[in-house]
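Chemist: Chains A and B, in that order, are what the protein sequence lines are.
Numbering follows the UniProt record's numbering, in which position 48 of the first sequence is assigned residue number 48; successive positions increment by one, without gaps.
Numbering follows the UniProt record's numbering, in which position 138 of the second sequence is assigned residue number 138; successive positions increment by one, without gaps.
Everything labelled a hint here was simulated from the structure, so no lab data went into it.
Hints should not be assumed to be uniformly reliable.
As the list claims (entries may be wrong) - Listed next, the in silico DSS-like pairs over lysine-lysine satisfying Cα-Cα at most 30 angstroms (straight line):
| id | chain 1 | residue 1 | chain 2 | residue 2 |
| --- | --- | --- | --- | --- |
| 1 | B | Lys93 | B | Lys237 |
| 2 | B | Lys93 | B | Lys120 |
| 3 | B | Lys237 | B | Lys218 |
| 4 | A | Lys218 | B | Lys93 |
| 5 | A | Lys93 | B | Lys218 |
| 6 | A | Lys218 | A | Lys129 |
| 7 | B | Lys93 | A | Lys93 |
| 8 | A | Lys129 | A | Lys49 |
| 9 | B | Lys218 | B | Lys93 |
There are 2 protein chains.
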Amino acid sequence: MSHSITPHTSRQYDWELEDIRTRVLVMGRLVEQQIVEAVDALVNKDVEKAKSVINEDYEVDAMDVSIDEECTQILACRQPAAGDLRLVIAVIKIVADLERIGDGAERIARAAISLSDREKPANVFESIKSMANCAAGMLRDSLDAFAHMDTEAAFSVVMQDTQVDAQHENILRQLITYMMEDPRNISWAVELTLVVRILERIGDHACNICEHVIYLVKGRDVRHIGLEGMEQIVREK
Amino acid sequence: MSHSITPHTSRQYDWELEDIRTRVLVMGRLVEQQIVEAVDALVNKDVEKAKSVINEDYEVDAMDVSIDEECTQILACRQPAAGDLRLVIAVIKIVADLERIGDGAERIARAAISLSDREKPANVFESIKSMANCAAGMLRDSLDAFAHMDTEAAFSVVMQDTQVDAQHENILRQLITYMMEDPRNISWAVELTLVVRILERIGDHACNICEHVIYLVKGRDVRHIGLEGMEQIVREK
C-alpha cells in the first residue's frame, strides 16, 4: 500500500472518520431514549412500553457490532496516526460503554414488567425518576462533549457524578425504610435496589465516556488520576 | 516509514505482541486474586485484608493504563494487520473487562469493612463464597482460554454463566427470607444483595473475555448472537 494520499482517498477517509463519529452519536441518542422509556415504563406500570424497550435492544447490539467492525476496518486499511488513531480508539471504548448502558435499560425494563402488578409508594418512584433524569442527562452531556470535542463540558459531567451517587444512597435508605415498615414491601423494594444500582452505574459509564473525550482531545489518559489531576489536564493549553 | 521488515524489527515486534499477551495474563491473575481476597475478607470479617484489597486496586488501574498505552503504541508504530490487529483490539477490550472486575473487588472489600461488626448467618456466607468461587473460576478459565487461544474452552466458560445466574437468584431469595424474618436483618442483607450482584456481573465479564478470545481466533464477532450461533462458529473449521 502506498502512503501517498490522493485527494479522493483522503476525502473517503475523512468521510469514514466522520461516519463513526456520527454513528456513535446516533447510538448514544437511542440508548438515552431506552433508559428514559424503561424508567417511564417502571413508573407508569406500562408493560407494553417495557416490552418495546426489550425488543429494541437488538438495535443497540447491532450498532455495537457494526461500529466496532467499521473501526477495525479503518485501523486495518487506513493505519490512522495521532488524533485519528485516538478517535478510533475512543469510539471503540465509547461504544462499549453505550452497549452496557443499553443492557442496563433492558434490565430496568424487565424489572418494570415484573413489578407492574403491585401498588408502590409514589414518592419512591419520583425519586427514581429524578435520579434517572440526572443519569440520562449526564449521558446526553457526555455525548455533546464528544460531538463538540469539548473537554470543559466533559469535566463538568464527571463532577455531576457525586449527585447521582448521593441520590443512589438516599433512595437505598428510602427503600430500606419501606422494608422495615412492612415485610410485604421487601420483595419489590429489593428489586428496586437493583434498578437504582443500574442507574448509578449509568452515571459511571457517562464519566467513562467523558474520560475518553479528554483522551481524544488532549492525548492524555485521565482515568484513575482523581478529579484534581483531571481538571489540571483539561485546563492545560 | 518503510514496509520492509528487518529481522531485528520483526523480532522486536513479536516481542511487543507477546508482551501485551503476558501482561493481560498477569493483570488477570491479580484481579482474580483480588476477588477471592475481597470475598474472604467479607466472610471472615477480616478488615485488614479488605483494606489491602482496596490499597492494591491502584496496581490494577496502573496496568489498565499501561497496557492500553502499549496497545496504542503498537497500533501507531506497527500498523498491525489481520490476526495481529485482532490481538491488539482483543487486548484493549479484555483489559477494560478486567478493570471493571477489579473495581467490583474493591466494592466488595468496602462492603466487607462496613459489614465487619455484625453477626450474620453462616449459610448465606457459604453460598456467597461458593458463588464467588464459580465466578473467579470462570475468570481463570477465560484467561486460560486466552493464553491457549482455545475457543472450545472459551465456549464452555460462556455455558457456565447460567450456573452463576442461578446462584445469584438463590442467594437473593435467601436474603429476602432473612429480611422477612427480622427487620434487623434488612440493612446488612441489602448490602449483600449488591455484593452478589457484583459477583453475577463478574461472570458476565468473564463471558465477554471469552467472546473476545473467539473473535481473536476465528475473526468473527460472536456477541449478541446467542449460544447456538456462538457454538456453530466455534465448531467451524
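Chemist: Keeping to a limit of 30 angstroms between CA atoms, is the pair of Lys218(A) and Lys129(A) held or broken?
Modeler: Violated - the C-alpha atoms of Lys129(A) and Lys218(A) are around 35 angstroms apart, more than 30 angstroms.
Chemist: Would the pair Lys218(B) and Lys93(B) pass a check requiring their Cα atoms to be no farther apart than 30 angstroms?
Modeler: 16 angstroms, holds
Chemist: Check whether the Cα positions of Lys93(A) and Lys218(B) lie no farther apart than 30 angstroms.
Modeler: 22 angstroms, holds
Chemist: Do the alpha carbons of Lys93(B) and Lys120(B) lie within 30 angstroms of each other, as the hint requires?
Modeler: 38 angstroms, violated
Chemist: Please work out if Lys237(B) and Lys218(B) have their alpha carbons no farther apart than 30 angstroms.
Modeler: The given pair, whose Cα atoms are some 9 angstroms apart, holds under the 30 angstroms limit.
Chemist: Does the structure keep Lys93(B) and Lys93(A) at a Cα separation of 30 angstroms or less?
Modeler: Satisfied, since the Cα-Cα distance of roughly 8 angstroms is no more than 30 angstroms.
Chemist: Within 30 angstroms, alpha carbon to alpha carbon, are Lys218(A) and Lys93(B)?
Modeler: Distance ~22 angstroms between Lys218(A) and Lys93(B) Cα, so the pair holds.
Chemist: Is the Cα-Cα distance between Lys93(B) and Lys237(B) 30 angstroms or less?
Modeler: Roughly 25 angstroms between the alpha carbons, so the hint for Lys93(B) and Lys237(B) holds.
Chemist: Take the C-alpha atoms of Lys129(A) and Lys49(A), compute the straight-line distance between them, and say whether it is at most 30 angstroms.
Modeler: 16 angstroms, holds
Of the numbered hints listed earlier, those contradicted by the structure are 2, 6.
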